[in-house]
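Participant: Protein chains in written order, with the numbering used here: chain A, 131 to 711; chain B, 131 to 711.
Keep in mind the hints are simulated off the structure, nothing from the lab.
All of these numbers come straight from a predicted model, not from anything done at the bench.
Honestly, I wouldn't trust all of these hints.
Given that identical chains are not distinguished, each listed pair holds provided it fits within a single copy or across any two copies.
As the list claims (entries may be wrong) - Below, in silico cross-link-like pairs of lysine-lysine (BS3-like), each with a Cα-Cα straight-line distance of 30 Å or less:
{"no.": "1", "residue 1": "Lys675", "residue 2": "Lys565"}
{"no.": "2", "residue 1": "Lys629", "residue 2": "Lys529"}
{"no.": "3", "residue 1": "Lys331", "residue 2": "Lys669"}
{"no.": "4", "residue 1": "Lys651", "residue 2": "Lys331"}
{"no.": "5", "residue 1": "Lys587", "residue 2": "Lys669"}
{"no.": "6", "residue 1": "Lys565", "residue 2": "Lys669"}
{"no.": "7", "residue 1": "Lys154", "residue 2": "Lys704"}
{"no.": "8", "residue 1": "Lys657", "residue 2": "Lys154"}
Number of protein chains: 2
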Amino acid sequence: MNKGLSLTRYLPIVSWLPHYEKGKLADDSIAAIIVAIMLIPQALAYALLAGLPPETGLYASIFGLSLYALFGTSNTLSVAPVAVISLMTAAALGRLTLDSVDETVVAAMTLALLSGGFLLLLGILRLGFMANFLSHPVISAFITASAIIIGLSQLQHVLGISTSGQNMIELLMSLDESLADTNFVTLGLGVGAIVFIVFCKTGLRRGLLSLGINDRLATMVSRSGPLLVALIMASLAWLLRLDQQGVALLGDVPQGLPVPAIPEFSLEMLRGLAGSAALISIIGFVESISVAQTLAARRRERIDLDQELVGLGASNIASSFGGGFPVTGGFSRSVVNFEAGAATPAAGLFTAILIAVVALFFTPVLFWLPKVCLAAIILVAIQSLIDFSVLTKSWHYSKADFTAVFITLVLTLTVGVEFGIAAGVLASILIHLYKTSQPHVAVIGRVVGTEHFRNSKRHKVETFENLLSIRIDESLYFANTRYLEELIFELVADDPKLKHVILACTAVNEVDMSALETLEKIDETLKQLNINLHLSEVKEPIMDKLAGTQFFRDLSGNNYLSHNQAVEDLKQGKPILGGLQ
Amino acid sequence: MNKGLSLTRYLPIVSWLPHYEKGKLADDSIAAIIVAIMLIPQALAYALLAGLPPETGLYASIFGLSLYALFGTSNTLSVAPVAVISLMTAAALGRLTLDSVDETVVAAMTLALLSGGFLLLLGILRLGFMANFLSHPVISAFITASAIIIGLSQLQHVLGISTSGQNMIELLMSLDESLADTNFVTLGLGVGAIVFIVFCKTGLRRGLLSLGINDRLATMVSRSGPLLVALIMASLAWLLRLDQQGVALLGDVPQGLPVPAIPEFSLEMLRGLAGSAALISIIGFVESISVAQTLAARRRERIDLDQELVGLGASNIASSFGGGFPVTGGFSRSVVNFEAGAATPAAGLFTAILIAVVALFFTPVLFWLPKVCLAAIILVAIQSLIDFSVLTKSWHYSKADFTAVFITLVLTLTVGVEFGIAAGVLASILIHLYKTSQPHVAVIGRVVGTEHFRNSKRHKVETFENLLSIRIDESLYFANTRYLEELIFELVADDPKLKHVILACTAVNEVDMSALETLEKIDETLKQLNINLHLSEVKEPIMDKLAGTQFFRDLSGNNYLSHNQAVEDLKQGKPILGGLQ
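Using the sequences plus the hints, can you model the full thing?
Facilitator: As structure tokens, then:
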């Protein structure tokens with residue numbers, strides 16, 4: 131590979147920067163403003179959700195967005211804190227004993243570093259396929275359960291009380307205990323904020339559009355609900371001295387930008403966070419690439435999964451060095467970026483600059499921001515994540531999928547996020563193995579007057595008494611070879627007139643070594659009963675593999691290109707009409 | 131199910147005992163004698179291998195054989211101690227701190243109880259399919275590595291020294307340390323015993339057959355090598371007082387039979403042995419049913435896998451209550467039983483009675499038996515278990531299988547049996563998932579003048595510029611949906627003239643919910659590019675599942691019964707000749 135190509139692969143900015151022009155600059159700038167309006171309050175809110183000081187959300191956004199712009203392959207992905215990953219960060223930190231806020235921040239930075247390192251490693255080793263083991267329904271169930279836990283954890287801020295817990299049960303018990311301390315001023319602010327944000331997203335947008343305001347501007351205004359409500363509430367809190375009414379304020383947020391530095395982690399902390407970091411990386415990666423892939427496909431662009439791992443890895447490491455916590459590509463934010471017209475990763479870089487401006491000059495305003503306002507922003511945001519339809523959909527489609535969904539949902543809610551997702555992944559893998567270990571196998575016969583063979587339980591077909599035709603609807607591999615062996619011996623034990631068994635392999639996509647050995651063993655055993663074993667319609671990639679072995683030389687029967695040819699060659703006596711047993 | 135049938139299922143003896151007659155009695159008796167001759171020294175040797183007093187091997191055989199005769203479904207399986215399971219027993223006990231021989235025996239009994247309980251549970255819950263996750267090549271590699279460890283562990287008895295270790299490295303280091311203490315009288319006896327046993331198995335048998343002696347008698351004599359050598363050596367030891375030459379004797383073996391009792395286990399011991407018991411059960415079950423299935427098929431008999439779990443479970447529980455250790459169906463012993471003509475499970479019962487006679491009356495003879503003699507018996511027996519051909523065979527057949535084999539072999543040898551087999555199982559599952567996560571997918575075209583479609587990279591075919599035909603050679607499930615999505619979007623991004631994508635589903639045996647959602651998402655995205663998605667030749671079981679969903683109603687394209695029909699319906703312009711790119 132030449133050097134230029136390789137540079138383009140590992141540093142995608144090299145491929146787009148030279149062609150950067152005015153039109154793209156305008157598009158990217160507008161998209162950057164819209165995303166920044168959305169991200170500023172989100173960044174503060176998700177820091178709060180992760181149990182960290184608000185400025186860490188700003189830092190994570192600035193550094194995450196910038197590095198992704200250099201290394202990422204999506205033009206529209208917005209890499210910064212997201213709700214589910216922030217919750218997982220809170221869960222990971224919650225398991226450590228951390229004595230001070232400083233120590234908690236260092237732990238969060240360590241988590242981002244580990245998570246980034248893990249992503250980078252997967253990217254360099256090209257192991258992105260590992261993300262495939264998270265099935266869609268399991269992720270949906272996990273996100274729904276996480277959103278519920280997030281919602282419950284934010285209720286404390288809306289009610290002006292203090293609760294704790296890592297799962298639904300703990301949070302509900304904790305809420306129940308302190309519900310009597312509800313601060314009604316806070317509650318009023320919270321409800322007001324939620325109504326305002328929802329109105330901006332729905333009614334206001336429709337109103338603006340019907341007034342003939344152009345789509346981009348309408349989007350910008352409607353997305354500024356959270357920022358507007360934050361400004362309004364901070365002003366109210368300052369004017370009315372709401373802190374004296376028991377309303378919790380965000381408080382001091384340091385002004386300026388952090389000097390990037392490697393977190394001062396301990397070995398013990400690394401050990402305690404490694405497992406969580408791996409989970410966070412995988413979940414973050416899966417979330418991020420599903421949105422990146424969808425958005426790229428809509429414009430016939432491509433993303434490179436292994437390079438995405440590098441991009442997200444770099445973002446997380448940068449977030450760590452900059453005093454932030456784990457980040458990933460967020461769904462709604464990226465869609466907004468896409469719809470606002472972001473043309474290149476530069477849009478992300480511009481968003482980072484806007485947030486840096488906030489961190490440099492506007493943090494004093496944040497002092498007066500009521501925490502309930504951030505909780506309201508989170509509550510509105512997570513509402514789109516909750517989707518119970520996956521339960522009913524999977525129930526109707528397949529009980530196997532439902533089982534995995536149910537396990538994930540229930541265990542995430544009742545035990546916690548890490549246990550829940552791990553159990554869900556394990557369950558879906560075991561269920562898949564179980565299903566393929568008992569494949570659909572049909573005794574087939576010929577549809578009279580044709581050369582087509584069909585399942586004798588579903589169709590009227592003809593068979594011959596000296597032949598047994600079996601179609602296997604599954605790849606043959608270790609988990610189902612014994613099933614096949616048992617099935618053939620059972621069918622053969624019933625039938626003393628049998629002279630030939632023909633396996634139709636149209637749907638056999640693989641024959642691993644266990645299966646090869648089993649076929650040899652079945653042949654060996656059938657030989658002693660004077661029965662020959664034949665194969666038909668073996669696929670080319672499998673023929674290539676088997677050609678290198680003794681298999682066809684030792685086989686008692688033949689290999690036929692067509693099943694009909696096999697039956698014509700081997701049949702004896704008159705056809706027996708049957709089927710539809 | 132009526133009660134009679136159910137009794138036959140759970141207590142197979144009910145089905146054969148009423149038809150028991152003289153001919154079968156004669157056959158079973160002869161088989162029982164041959165197997166007993168073989169088993170008596172084996173039972174003592176495997177007890178030694180497990181690190182237990184010799185009589186425990188006799189008890190395990192008596193109780194294991196008897197209960198299997200009641201509950202097992204194979205007519206020829208011989209359930210008693212076997213080499214690999216005895217080694218695994220030694221490994222399991224080696225991890226506990228056991229202060230006395232009595233405590234060690236209780237631990238072994240507990241292990242047999244747990245293992246039996248586990249098997250029984252799997253049988254009752256009909257979970258026998260779990261054994262399928264052990265692939266053939268992994269088991270071969272595991273048995274080869276175990277045999278090497280067993281061989282190394284027995285060298286101490288042949289050299290008259292004392293070594294210890296759970297893996298090859300520890301054993302070799304331990305041997306190296308004490309090699310200087312070799313007792314040459316012992317070594318002489320060992321070499322002599324090995325030569326004698328090998329001669330009986332090979333030369334003597336051939337000699338007898340050529341003298342016209344009948345096959346059964348020749349087998350009996352040749353199989354009595356271990357028993358004969360034991361008698362000869364015990365006599366020599368007594369006559370020459372070989373103990374004074376430093377030859378280790380078996381020593382006191384209590385006379386009589388144990389009174390069955392539940393082992394006095396502690397909760398801590400149960401916890402410490404549970405994992406080992408699960409591994410022992412699964413390995414034992416897999417070993418046992420492979421031989422039972424092969425032998426049954428040769429006579430057109432059947433075995434019932436779930437009832438086999440019950441049979442082996444009962445045997446192990448009985449072995450536990452009788453003061454024994456874990457047992458299972460041994461390969462060579464069962465083959466001998468089969469070839470000697472065992473007609474019903476009664477043969478096993480008769481073997482048990484013969485061994486009980488030895489335990490009752492002949493244990494004083496065992497006092498003078500040199501331990502080296504038992505080591506020689508083991509060394510000859512394990513030689514047939516070592517088979518490195520699995521390495522070369524898998525290397526040539528598939529690097530994926532080779533990887534699993536290599537991992538199992540190396541880790542069993544260098545770390546130990548439990549770690550080795552666990553790693554092997556995990557590796558083979560991960561490798562399988564990896565392979566199916568990157569399925570073989572072919573862009574197909576029509577072979578000119580036919581209705582057949584073939585891979586355009588392998589055949590000369592015609593295509594149409596507005597159509598893209600893709601054949602997927604794998605079931606669609608969560609682990610490969612993203613791969614498919616990426617692939618389709620990549621092919622589509624290249625081709626602005628495209629109007630239709632047709633997926634040929636001939637080899638798709640399953641569509642799980644992740645795959646369904648991915649197909650919906652692909653369709654959604656293609657719609658925005660004005661491309662329609664079609665399916666062709668979807669299998670009936672999948673059609674049944676999809677019919678219950680909105681999928682076909684929402685799909686932008688159609689579902690075609692034949693791929694050719696789809697192409698005929700959708701094609702535009704002239705065919706493009708190509709292929710064999």
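Participant: Would you pick out the hints that fail for this structure and give their numbers low to high?
Facilitator: Result: hints 2, 3, 7 break, sorted rising.
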